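Produce the complete structure using the sequences and hints provided.
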Amino acid sequence: MASSALTDARWIARDAERTSLSHFLMWLAPWAVLLAVGIYAAFLCLYYGLNQTNMDNRFAFGLWIFLDLGIIALGAGAFFTGFLVYILKREELKPILNTAVVVGFICYSGAVSILMIDVGQPLRAWFTFWHPNTHSMLTEVTFCISCYLLVLSLEYIPILLRNRQLRRLPSFLVFEHQLHKLVPVLAAVGTLLSFFHQGSLGGLYGVLRGRPFAFRTGFLIWPSTFFLFILSAIASGPSFLMLITATVEKVTGRKLVPEDVFRRLGYISGLLLALYIAAKSIDTLVWLNYTSRSVGFAPWQFYSHKPFGTPILFIEIVLLGLLPASLLILKATAQRRWILLTAAAMACGGVLLNRFVLTVQTLALPTLPFDDFLQYVPSWQEVASFGGVIAYGVILYSLSYRYLPLFPTPKQGASHVSGH
Amino acid sequence: MSDALVVTNEGRSMKLTRRDLLAWSAGAAAGLIVTPIPWKILDDTSIWSQNWPWIPQPARVPVEIIQSHCTLCPKGCGLRVRMAAGWAVGVAGMKTHPISHGALCPLGFGAHQLNWHPQRLREVRHRGNPSSWTEAHAAFAKAKSEGPVVIIDGYPGRGASSVFEGFAEANHGLYRVVLGAESRALTPYEQWTGAPALSLGYDLENTQTIISFGAPLLDGWGTPGYVTRLWAEKSAGADDPQLRIIQIEPSLSRTAARAWKWMPIREGSESALASGLARVLLEQNLVAAHGPVPPIALSEAAARSGLSEDAIRDLARVLVERQPTVAIAANENPSVAALSVILGSVGVRGGIVRREKIERAYFSANPVIPDARAVLIDSSVPWDFVPQTGAEIFRFAAWNGGLTNADWLLPAPGFLEELTDVPTAPALPVETYAVAPALAKPTYEVQSAAQFLAGTDSNLASTEKIIHQRCAELFRNRSGTLHGQESIAIAKIESVQKLEERLWKGAVWVGEAPPPASLRCELKEWPSETTPAHTTGWTNSWDVPVLPPLASKLYIESSLREAPERRNA
Amino acid sequence: MRIGRNAIAFAVGVLVALVLGWVIFPRVLYVKKNQPVEFLHKTHAEKSGVADCSECHTIRDDGTFAGLPPMEKCAACHADKIGDSKAEAILVNNYIKPGHETPWLVYSEQPANVWFSHAIHVKRANLACSECHSTYGESDQVRPYELNRISGYSRDIWGHSMSRLRRAPHEGMKMSDCEDCHKKHGVDVGCLGCHE
Amino acid sequence: MSARYGMVIDLDRCTGCGSCMIACASENNVPSLPQSTARTGLTPLLVRKVSNGEKGERQREVFFPIMCAHCEHDTPCVKVCPQQAVEVDKATGIVMQMPQRCLGCRYCMTACPYHARYFNWWDPAWPKGMEKSLNPGVAVRMRGVVEKCNLCHARLHTAQEKAAAAGKREIDPADYVPACVEACPTGAIRFGNLADSNDPVSKEARSPNAFRLLAKLGTEPKLYYKSQEAWVRALAESNPARNSEVQHG
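Residue numbers (the numbering used here), protein chains in the order written: chain A, 1 to 420; chain B, 1 to 569; chain C, 1 to 196; chain D, 1 to 249.
Rather than coming from a laboratory, the hints here were simulated on the basis of the structure. From a predicted model like this one, the values you see are computed outputs, not experimental measurements. Virtual Cβ for every residue (Gly too), placed ideally from N, Cα, C. Be a bit skeptical, because a hint or two may be false.
Said to hold, decoys possible - The calculated DMTMM-like cross-link candidates involving lysine to aspartate or glutamate, where the alpha carbons are at most 20 Å apart (straight line), are: (1) D:Lys162 - B:Glu64; (2) B:Lys95 - D:Asp175; (3) B:Lys40 - C:Asp177; (4) B:Lys142 - B:Glu169.
Claimed, not checked - Here are a few chain D residues that sit away from chain B, every Cβ distance over 10 Å (derived from the structure): (5) Gly16; (6) Ser19; (7) Arg48; (8) Val88; (9) Ala159.
If you want it as structure tokens, here you go:
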């Protein structure tokens, strides 16, 4: 008894060796502080209103929209891996499946909580479900994200229930077993939902006729950004997973997944990124020569405002697009782990930059003939709630890693459903 | 297997296990979904967020529209006041007003909120400490028994004004007035025509060219609606308008931006340019007048104004192209006035005319008041009038304008809180008279300066009495017309009561202007140059010391206007 | 056996929740308040022969609705006590004599953001008062006013039945009720047709 | 019949006095908060000063009253609102903003090319006692919602009620005049029914000097401007200027 008070050994899987509790707590401490600050900032925004942020009537969307779009893009790894494993039967990716689910869950729950802080009237947010405007991309986003978050939770539960202590409850065991059978279905549903909300997130700005920099024509009701977002999300998702796993391996000093999983992920990521860049380039050309002019705006003047000059276009498409794509695909480079990871990082960076340009730059650019270019610096409350979400992610992931079987332990076979 | 065994053992025992608890809460959760609790709370909290108790909501009361007049500055624009439950809940211009034509200055539209302005004077203060009306009365009674009292009025011609005059006469005191910029610009004519500035005006209806030396013609000058309407109908947007407005001003003001022609000149060179123009006009015989010739060379005028000599010559020609032409100064500026004389536009149709036959001129107040026992300052006096005197100062004001050397701060009635009459606005070509009854409940324990004086001297006529006398007088004279919902000649009105009824309902009496020629003008020598006091753009049309809160829309929540620099603060 | 025990625990949970939600919650959510004076529409209809609602609840010429009659209206008859009922005494002594308005609690009070024109509904659409106010006009006893603690609305807005399923005709004044009636009559006024 | 209310603003007649801004704020119970700035203030009607960028004598300025243009076609804000807090009224063509439905996501603000939508960053408040001066016809909005020009809808209510009381179906146009129109001292702002080709305002809207800002976006705004000055009309087509001479309101 006395010993169990000091250690959490009975909660950790028998065959997994983890660091001491004290060491683990030391690791958590700084993140906990960051989280606390974030929660305080969030409280300020909810209690005093959004005057706590530095947004204004023209910069009505701030840091948070970039954050939401960013982490949801990176979180795409969750559904996409599920899709690869269960639908395309890419069994070799199974080892990172759990980690993918947890990361996805973190990204989406984080995004939703940020969203709730950054609307003026969270108490009325549910009106979207009661009086939905079916023409609004945001409605599509809200529905899909909340449904997909549910799916992710359902995918998360079986992992949760595989905790050593919880498994001792037979009824849970049964429950977990049943749920686990469901997982392939969930993966399928998740894939569908994800395709849609990733897309509608792109549509969010693509439909803005009043913002010629973001406005795109497209296919049926969906502007081209709809499809570009799906592509870029599934391209960066695997890279992000790769980065996470590599980081965990570094931090814990353990080999968690076989090397070929990395290369496989990198290869997929690379291919999709290449595809995305191709599509993106075509889209940009169409926009430059057709869409923008069709609403009477000379496209180049959008790039005439420092620091958002044409270089940003080059960085987005070539430096953080074409380059990492080729690095990820080519065997020679993909062989080297450090190149592989750098390329993955660049790929994620490129997609994040894309989200940034589409959200922040669009708002900064003038529309009326006598408007001028806007500057906006987030307030500490905005940054802190951002940090809080990251801290929340790290903490939740650390806990999951410590107490749940995220990765196959050496002794385990690929399939470890229930029992022991 | 071991698990199962454990559980069955527990099964027999009655003690609750963690598992029972989990099952129980699962059931509770499932059950809760089919109760009103989550759904009603969801609905009610959202409704709560739509009716937060700390957000004020206007009461559901019927709104009544009343015609009256704005008394916040001597322009006396016609008002349409929306009244609800005894409070003004909105103001708009009175469309039928013969002078202001439904226009108000931007600040007028927020005036109904002024009575609750944080800077509203709510109590009698003596040297910064709370005091009472009885103490103030006692102090004033003592003062007037010990020596002469000087009364300063910022809005002459009202019933209250004659209460002041009456008091001054009865008590060997002095009555002095502080004139607005428009009236000050007319004072130079006093010595050339013998007519008091307050009896003069510009017959702009018939003017063809206005050369304004920095006067904010389209930005609150005169009665806003009077000039802007003329401009909108005769000038706006036209390349060759019926009414040419030439704005001489260093910077691109609102008036300059909208004028027919804007000529930027050097700061403070108005007099020089006016004299230079006059000289060109005389030398080139562009005008009938032959003198006096200004003692300034064209070259000097050019050098000082920053315009080329040719530009000045051309301008001179333009001035005589379409006459009558009047020169209007922003403030007291004899050179500009003299230019009007040279242009022959004094005492002519469309020029400077005399609107009434009053002979006596007011003495304008000098801040330096050497030998007085007490100085009483009416609430109409602009806050920037700071008397330099050893006398005891009784300062009436509805709003606290900041630093002051007054011994007594006495809370005066605010917007629409007292009955007052509305005499002719400055610079108008015709005489007008209107009445602004007390509409709003007085918010605090207030007294106007006139009430205060009447309180100290029982045989002094009250403002109300004087207003009735004036109405009776109007009725006796039987001249002029009354403009209300419909216009009617005074001669056609049956009784004084009927006349008063109409006036109290917002009607405006407009007199018959005497023939222009009745004003004779003689300019013996060219006036020496004076440097006029600087007038501050839009606020010079607004003499109350505070701005309506909504004015922040103009200069804080937008960059439409410069924030007016706070006086004395 | 094992399952059985779980099931029992589960069932108990459900039961507790149901009782809590359907029996206790409504009592906690609404706070009952009594009208300042026990006013009976029925009595006034019978005794003083007031036949039409609009005799007291008038619509002004500009179309605005005067709502509850002012105190003078009551004073016209009740200047002095008529009969010696308790309500009569309260009305005369507490309100009419000192000249205070009676602080009636309005069952159908709508929030500030709602704009409802009686003129349009009564004069143009010729709706009977009872269409919305049910038979309150003939009521022969006053029921307490129930205030929702959270939303601050009168219970009549939601209607008496918590589920809103079994509510009497003309009961409930939520937006959805207005909408239903508008649909029924083929009226489309948009949001600001009814909101300020 | 369905009206299409719109405005024609004669920029040549606008002296930029700002009366319309204050009349608008007063009519619609818009608060003036000490914390508000040009970035965060509530100005459903905003007059912006625009210069032709010239120097010295040739410098010209014009004042643009900017408000909701009540776009008729493919209305950007209506399309994006997730919970139908914005709609184009069928009977009047007014683009309606429902603060009580709004959840404050501000998507509509990013969608509006005219920046004519404003967010209540703070709870509205007035100095003590001043709430008595609020306009009874208009409900005060709360913190955290978007608001904009509703074409003084409360006045339309009053007009409708008056008509109903008189047993009429149609309102008397004289009874429905937005506050800014009523306030303009030079009659620069004109309000009328664009659907009625005999309406003087719809005639003006078709005059050669009339133009609309960002008409090229194809949203069919119902807010027209007119000016004799060519450089002003040219603004309608020109791309956003980068020169800082342009004053930002």
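We went through each hint and held it up to the structure:
1. For the hint pairing Lys162 of chain D with Glu64 of chain B, the CA-to-CA distance comes to about 14 Å; that is within 20 Å, so the pair holds.
2. Restraint check: the Cα-Cα separation between Lys95 of chain B and Asp175 of chain D comes to about 14 Å, which is no more than 20 Å; the hinted pair holds.
3. Between Lys40 of chain B and Asp177 of chain C the CA atoms are separated by roughly 17 Å; this keeps the pair inside 20 Å, and the hint holds.
4. Note on Lys142 of chain B and Glu169 of chain B: the hinted pairing holds, with a Cα-Cα distance of about 18 Å set against a maximum of 20 Å.
5. The beta carbon of Gly16 of chain D is not kept farther than 10 Å from every beta carbon of chain B, the shortest such distance being approximately 6 Å.
6. Here Ser19 of chain D does not stay apart from chain B, with its beta-carbon only about 4 Å from theirs, under the 10 Å limit.
7. Distance check on Arg48 of chain D: its Cβ comes as close as 7 Å (rounded) to a Cβ of chain B, failing to clear the 10 Å threshold; non-interface status is violated.
8. Consistency note on Val88 of chain D: stated as away from chain B, and its beta-carbon is indeed over 10 Å from all of that chain's, at 23 Å minimum.
9. Against chain B, the non-interface label of Ala159 of chain D holds: every CB pair exceeds 10 Å, the least being about 13 Å.
Hints 5, 6 and 7 from the earlier list are contradicted by this structure; the remaining hints agree with it.
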